[in-house]
Each structure stands twice: as structure tokens, then as C-alpha cells.
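The lines below spell out each chain.
There are 2 protein chains.
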Amino acid sequence: MTDLKRSWVDSANSATCQFPLNNLPYGVFSIGAGPHRCGVAIGDRILDVAGLESAGIISFDGTLQSGIWNSFMALGQSHWRRLRHELTGLLAEDSDRQADIEPYLVPLKEAALHMPFEVAEFTDFYSGRHHATNIGTMFRGADNALPPNWLHLPIGYNGRASSVVVSGTDIQRPHGQLKGPDDEVPRFGPSQRFDIELELGAIVGQRSRGPISVQQAFNNIFGYVLLNDWSARDIQAWEYQPLGPFQAKATATTISAWIVTALALEPFRCSTPEREKELLAYLQEPGPMLYDIELEVGLRPQDNSETVICRTNYNEMYYSAAQQLAQHTSSGCPMRIGDLIGSGTISGAEKNSLGSLVELSWGGKEPIELNEGLRRSFVEDGDTLTLRGAARGNGYQIGFGSCAGTLSAAK
Amino acid sequence: MTDLKRSWVDSANSATCQFPLNNLPYGVFSIGAGPHRCGVAIGDRILDVAGLESAGIISFDGTLQSGIWNSFMALGQSHWRRLRHELTGLLAEDSDRQADIEPYLVPLKEAALHMPFEVAEFTDFYSGRHHATNIGTMFRGADNALPPNWLHLPIGYNGRASSVVVSGTDIQRPHGQLKGPDDEVPRFGPSQRFDIELELGAIVGQRSRGPISVQQAFNNIFGYVLLNDWSARDIQAWEYQPLGPFQAKATATTISAWIVTALALEPFRCSTPEREKELLAYLQEPGPMLYDIELEVGLRPQDNSETVICRTNYNEMYYSAAQQLAQHTSSGCPMRIGDLIGSGTISGAEKNSLGSLVELSWGGKEPIELNEGLRRSFVEDGDTLTLRGAARGNGYQIGFGSCAGTLSAAK
Chain S
14 MTDLKRSWVD SANSATCQFP LNNLPYGVFS IGAGPHRCGV AIGDRILDVA
64 GLESAGIISF DGTLQSGIWN SFMALGQSHW RRLRHELTGL LAEDSDRQAD
114 IEPYLVPLKE AALHMPFEVA EFTDFYSGRH HATNIGTMFR GADNALPPNW
164 LHLPIGYNGR ASSVVVSGTD IQRPHGQLKG PDDEVPRFGP SQRFDIELEL
214 GAIVGQRSRG PISVQQAFNN IFGYVLLNDW SARDIQAWEY QPLGPFQAKA
264 TATTISAWIV TALALEPFRC STPEREKELL AYLQEPGPML YDIELEVGLR
314 PQDNSETVIC RTNYNEMYYS AAQQLAQHTS SGCPMRIGDL IGSGTISGAE
364 KNSLGSLVEL SWGGKEPIEL NEGLRRSFVE DGDTLTLRGA ARGNGYQIGF
414 GSCAGTLSAA K
Chain U
14 MTDLKRSWVD SANSATCQFP LNNLPYGVFS IGAGPHRCGV AIGDRILDVA
64 GLESAGIISF DGTLQSGIWN SFMALGQSHW RRLRHELTGL LAEDSDRQAD
114 IEPYLVPLKE AALHMPFEVA EFTDFYSGRH HATNIGTMFR GADNALPPNW
164 LHLPIGYNGR ASSVVVSGTD IQRPHGQLKG PDDEVPRFGP SQRFDIELEL
214 GAIVGQRSRG PISVQQAFNN IFGYVLLNDW SARDIQAWEY QPLGPFQAKA
264 TATTISAWIV TALALEPFRC STPEREKELL AYLQEPGPML YDIELEVGLR
314 PQDNSETVIC RTNYNEMYYS AAQQLAQHTS SGCPMRIGDL IGSGTISGAE
364 KNSLGSLVEL SWGGKEPIEL NEGLRRSFVE DGDTLTLRGA ARGNGYQIGF
414 GSCAGTLSAA K
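Protein chains in written order, with the numbering used here: chain S, 14 to 424; chain U, 14 to 424.
Chain S on its own, in the form it takes in the complex:
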């Protein structure tokens, strides 16, 4: 297990800090009415890397001036490593550049955070085995829970990029066509079973054309964000056959504001679980490509305190993002910079490790208990849902910040 790298930014050296020198996640911030700027979180500060580049302290072809990370991603792996290396040097405890760098530190709490990258397209997978089994049991019965293809390939579907929003954006309860099992005809009304899905999102940082290997896919992933794929279960139940979820997933998908880079997560690589069925060669991993990342979900009703309703780990996934991306390109599908790949809901085996309310409340039949005697089957108006994640090293953590959204009433 690797140790904390100490920084001259004091707040970055605490074991409870999400953004130590080992992390250096990438985001986009603004101060007051100022423009969007590329920044890197360190301790309780944001390092204005756009400013550093303007001042000639670092140089990345001007890509840090664009107010979004896509152009930098396009530079490729060697530049990804170089920026991380240079920032690590500049911010390290023993750096002699503190006086030059200090003017570019902005207090995190004074900044507004924005979408860190432009989402090219969004694809959502279904690669959590406990989740797939639970949902399958509820929708199709225990005997047909896991679809026959599930152990042979990562199942995915195309989602909607236009509705991906950054943490803190309010979510409005959607309307949709609803038809209960006993209803004669469908009706149009507000979703009554609005849910979350705890996921990790992988960001594609390099273009590809044609099929790519799992190793190449791994190399092309720039970093990860927390991802909440808001889901209207009642809309989904009526619309999803035969072509999959559509409007049930189109209201919003929230991502965290900080991209934790694949480079920062390197010490936390771990293997996918043992295969129940041997995978075809094009899906086999040449090494550990999953990560040990602790995850949790908090639910805070309006004017109330938060209850943590789920604790799980990204290492529960049956397929890694690299395997998902390889599958995604297998038919020749071109990938672009900013493609976002959702892991699928990350549920553990235990009752309190389930990553969606439909699982936690077992389809609404067993409401979960919150603080102060409150109960929940699905998200209620005014509820704030917050995803958090951290990979834990020796005396430090690689935090993802938070991925939060508050549900407002249907209009």
C-alpha cells in the first residue's frame, strides 16, 4: 500500500482530506461571474492550471485554456503523465516553487464547479452481478434473473449525453407513461418510483476506430467520476420491452465534478471476480483492471439529517471498464474523446450494500428506515441523494468529492 505524498499545501496532508497530493483530480471551476477554468483540487484549494499555463509555468499546447478537459485529453497518455508529474513536483513538500505557485491557489469553497468535460456520448452498462440478479428477480422472477448472455459479455445500452449534469444540479421529477399491472390502459403522470443508481463512470480520453483490445481500452481511459443514473422505475417497467430503457433514464444522470485520473488510481488496481464461465479471448483481461474504491450513498430528506443507505465497493463489478469499452468497440463502433461509460449499478451481497432504492426496498415492499423514524421506498420530493467514493491508501485517501442532486417536485 502506498504512502501519503506530503504537500506544502497543509490541508492536503490530512488523512481525512479527499484531495491529497496523491490524488490531483481534474475539474472546471469559476469564481463569481468569471469564466470556466481548468483546475486541479489539492487539499482545500483549487490550483488554477489555466493560470499556470498562461504564466508559462506549465505548457500543454494551450489546451488548459479551453475551460473543459477534452482538449487536454486529446494530447494523449504521455501528456497525461507529464501534467501529473509536473504538478506533483510543483506541489510537493520539498518543492522550491511554492512562492510561484501559491498565487494560483483558489479556496475550494469560493468556487463554483461545472461539468469537467463535454460528454460525447453516454453508454450505461449492467455489470454488477448482485444488481443484475436482484433486478432480474424482480422483473422476471428468480429462475430467469440473470439473462443467458450476462456471464459471457458486459451488457450495455446507449444512454443520453444531453441529460448528463454536474453534481449539485437540481433534478425534476419526470412525467411519463405509466401502467400498473392492474391498469386497463396507461396514463401520463409524474413518476411514483423515482430511483437512483450508484455507479462509477469511466471517461474515454482517446479516439479509436474499429475494435480495440482490453489493454488498449484500459490505456484509453482517462479517469473516473461518480455517476448517479437517476431512473424512473415505473416508466421503465412499461417502456423497456423490447428495446431497452429510454425515457426512464433520460431525465438526468449526475456526475461528480472531479475526474479522478486512472493514474491516481493505479495503486488500487484489483482483479475482477473469478469467472463463472470462461470469457472469449477478446474480453479477457491481461491484468487487474478494476479498482478497490469504497462507495456510499447518503439520503437527506428536506429539513432533515442524512442517513447513509448503502456502503459498497467498485471491486464488486463483474466486468471492468476496460472490458466494457472493448465490448463497445467490438462491432467497429468508433469512440470519441469524452465518451462516458457507466459501470452499471454497484451492489454488494448484503442488504445495506445495494446501490439502488428499488433493491434496498425490494421493489417498494420493504421501505428502508432513515433517521428520525422516516422511511423510504423511492426518492421523495426534496430528498438530496449524495454519492461518495474513496480509494484508501496508507494514511490518505483518493476522494471523488461528492455526486449530489436534490429532487424537486414534478411541474
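No lab work stands behind these hints: they were computed from the structure.
It is possible that some hints are incorrect.
All copies of an identical chain are treated as equivalent in the list; a pair is satisfied when it fits inside any one copy or across any two copies.
Claimed, not checked - When the alpha-carbon atoms are kept at most 35 Å apart in a straight line, the in silico DSBU-like pairs for lysine-lysine are as follows:
{"no.": "1", "residue 1": "Lys290", "residue 2": "Lys378"}
{"no.": "2", "residue 1": "Lys290", "residue 2": "Lys192"}
{"no.": "3", "residue 1": "Lys378", "residue 2": "Lys18"}
{"no.": "4", "residue 1": "Lys290", "residue 2": "Lys364"}
{"no.": "5", "residue 1": "Lys122", "residue 2": "Lys424"}
Here the structure is a predicted model, which means the values were calculated and not measured.
Please build the complex by placing chain U on the supplied structure of chain S, with the hints as guidance.
For chain U alone, kept in the frame of chain S given last:
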């Protein structure tokens, strides 16, 4: 029925010309190694509207200089009408501007055509009743052919924008996971059941946030293209449950190079068929929003002549693009300029009016006859598939150009 508008471009006045003055479709062309330019087809010429704008003859905020039509679309309906009105005036037989305009005419046959717009996201619907019934019968049996939701809402799924290509682009046979009904385990290999889908694509020309009405959706549609949604039926059969088609549809989607505007199609509006089930209010059309457009598919084997394998009409659709777009926004999904909405496969009731090979050959069991004794169940290497479409007025037609692709062998 409206009459031909005569132009001083002689070739535009023939009844067999696809691009008379009534049409004026928008595309992007280049000559030799020159840049991509916005152009409008008239007779056997392209009018270089980027050049017209540079010369100050027309003025649209410089949007015609961008080499793609998205920026012009962003200007909105009143500008869409004004460009059409001004071009109609300049090109009309009685125009006194012929000498000013003539230098901006380029022979169509000397031009290379490119993607006419940047695809923001691609959504494919499933709104042809004959097609849905045929596919449903093959995949699920005659008793469950039409899914229970089908008559209540236009079913759609998100497709892949990165793989949309312009007519003339070669298509490579994809690999994928395949598992026949009698196979013990899946294998990875070239698709053996590679197919086409004859569709019309609607182009969203205005942004929206939140749900929009069918009328607003109709107003936001800029124009239409022919669309061939290449489909690997064997990959699809194994992967599509429970979340819908994914890699089966990700190899390529071909569109025609010319956008036929909704304004040009105005005289050809017609109603969707009588409803078998009354639609909920949010999906009801305030007037005719479908179009009478004759469609056909030609199949030309390598070194052979073309056989027309399908003749049908866009008026077969059960849901219009306006209804599809209203459904698409019902949960609050934001739409962007350049969103592409596929109609779904357009099949008629007759055997020779089916818009896909899987229907024409009934799952491969009844190969169709081509010229010279050749037969086809699915697309073979070297085959060129060409979609064509035309709305027919009095002595003229509004043609879509062609939407063609040749299949090359798997690599």
C-alpha cells in the same frame, strides 16, 4: 397538388430531376482538396451558398461559412424560411440575378459530398407497424408480435452518433458474439446475418429543455434524410435482452448527403393511420405531420446489376417524427441541434414492400430472387445497398438523392 416552380437552371425543370426549385436540399460539398462548404442542390448543380454569403448576396450571420449546417439551424425557423425564400427568388426563371448567381454554381458530378450536419445524438424508433409485427413474429412468435406498449407510445432506443456516416462510405462487416439456438456457448466471429433497415431520419434544428408538445416538436424539425440502420441480426439476437440492441447497431448508420427541409415537404403532409387505441393527449397530433414519400431499396451485387428489392412509402409509419420527438422529451430529456431521429424500419403490407432483408427473406428462410438468378437472405460482401426517396408533385419530384453503402469483408 402543387406545380413545378421553374428555374433558369434548365436541368432543374425536368420531371425526372431530383432537385427542382421546389426542393432546394442542403448539403456539404468540396471540390478537389478544397474545404467543406455549405451548398444547395439545384438541377445538376450545387449552389455554393457559402460563396453567396461571402459575396454579400445573402446574409445569415456567417453561419454558412462553417462547412456544416448546424450553425445555420441554430438561427431558427424564421431564418430557415428566409433562406428558402431568398434562394427561390434568386434561382426562379424570372429572376434578374442570374448573372450574379451563375458563378456560384458547381457541377454536382465534380463535387465530393460530406456529412451535412454534425450528429449530436442518434435515436432510433420502431414505429413501422408492419416491421414491428414481422420482427416480433420472428423473435417472439405471432401471439406476442406487437409488444403491449406499442400502440400507446412510439418505442425508441438510443443509438450511436459516432458511427453515422454519409452515403458512399464503405461499411465493414462486423465481428461480434454469436450464439445460435443449438450452440452450447457463444463464439466471436464475423456476423453472418448482416442486414439493412430502410428509414427516414428527422433532424432536430432547435434546442429544447423539458417536455415539448407534438406541435413544438414538429416546428423544431429542420429536415429529413434517408437513413440505413445497418443491423447485425445474429449479434442482436444474442445481446438484445434485456436492455436492447447495442453492438448489432453500432457498426454504421448511413444517411443521404442531402437534407430535404421540412419546408420543401410541406405540400406532401399526410396523416398517420387511424389509431387502433386512442393516444394519450401528449401524443396526439394537431394536424397531419407525416409525409407522402415514395421509397425504394436497390441491391447491387459486386460486378452485377441492381435489383430493386423493396418499394414502400413513409406514410406507412404509425407515429410521425413529431410524435417521436414529443415522446423523446416527455421525461425532460434535453434535445440539441443535430439530434437525429430514425423513424424505424418502413415496411408496407406487401411482400415486396418490406424494408429489411430479415423481413424480405423471412429470417433467411425464403431468400429473395435478384437479377441473373442470384439470391439473397442477407447482405453479402461486395453488395451495394442504395436507398432512394421522392415526394411526387405535379410534374416534379422532391428527391432525397441516394443513401448508399457497399459492404466489405470482415477484417
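Results of checking the hints against the structure:
1. Within a single copy, Lys290 and Lys378 get their C-alpha atoms as close as 33 Å, and across copies as close as 33 Å, so both meet the 35 Å cut-off.
2. In this homomeric assembly, Lys290 and Lys192 come within 35 Å of each other (Cα to Cα) only across copies, at 15 Å, whereas the closest approach inside a single copy is 38 Å.
3. Taking the shortest Cα distances, Lys378 and Lys18 never come within 35 Å of each other, neither inside one copy (48 Å) nor across copies (66 Å).
4. For the identical chains of this complex, Lys290 and Lys364 are intra-copy neighbours only, at 26 Å inside a copy versus 43 Å across copies, given an alpha-carbon limit of 35 Å.
5. Only within a single protomer do Lys122 and Lys424 lie at most 35 Å apart by alpha-carbon distance; the minimum there is 32 Å, versus 53 Å between protomers.
Against the hints set out earlier in the document, a violation occurs for number 3 only.
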